[in-house]
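The C-terminal position of the sequence shown is numbered 309 in the working numbering, with every residue numbered one higher than the one before it.
Incorrect hints may have been included.
What the hints assert, rightly or not - Beta-carbon label-pair distances, calculated as ranges:
(1) A287 with I267: 29 to 39 Å
(2) R260 with A293: 31 to 41 Å
(3) V256 with Q283: 40 to 50 Å
(4) Q283 with A262: 26 to 36 Å
(5) R260 with P296: 51 to 61 Å
(6) D295 with R260: 32 to 42 Å
(7) D295 with G275: 28 to 38 Å
(8) G291 with R257: 28 to 38 Å
(9) C270 with Q290: 38 to 48 Å
(10) T288 with V256: 47 to 57 Å
(11) I280 with S259: 26 to 36 Å
(12) R265 with T297: 28 to 38 Å
Source of the hints: derived by calculation from the structure; they are not laboratory data.
A quick note: this is a predicted structure, and the numbers were derived from the prediction, not measured.
We put the CB at the ideal spot given by N, CA and C, even for glycine.
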Amino acid sequence: VRMSRDAWKRSIDACDLVHGEAQVIALQAQVATLQGLARDPTHPEPSEEAGGRA
256 VRMSRDAWKR SIDACDLVHG EAQVIALQAQ VATLQGLARD PTHPEPSEEA
306 GGRA
């Protein structure tokens, strides 16, 4: 039973790690989009996809 618990904990930890990495990738994409928009005067408002209020 203890081995099963250890395996379950490792699988949960791995899942949490993958989820965290996916969140980091998504946030990096949003930051890159917002940085690009900040440099481009033709886009006064960030798009909804980039986390803006559009």
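Verification of the supplied hints:
| no. | hint | verdict |
| --- | --- | --- |
| 1 | A287 with I267: 29 to 39 Å | holds (31 Å) |
| 2 | R260 with A293: 31 to 41 Å | violated (49 Å) |
| 3 | V256 with Q283: 40 to 50 Å | holds (41 Å) |
| 4 | Q283 with A262: 26 to 36 Å | holds (32 Å) |
| 5 | R260 with P296: 51 to 61 Å | holds (57 Å) |
| 6 | D295 with R260: 32 to 42 Å | violated (53 Å) |
| 7 | D295 with G275: 28 to 38 Å | holds (31 Å) |
| 8 | G291 with R257: 28 to 38 Å | violated (51 Å) |
| 9 | C270 with Q290: 38 to 48 Å | violated (31 Å) |
| 10 | T288 with V256: 47 to 57 Å | holds (48 Å) |
| 11 | I280 with S259: 26 to 36 Å | holds (32 Å) |
| 12 | R265 with T297: 28 to 38 Å | violated (50 Å) |
Comparing the model with each earlier hint shows violations of hints 2, 6, 8, 9 and 12; every other hint is respected.
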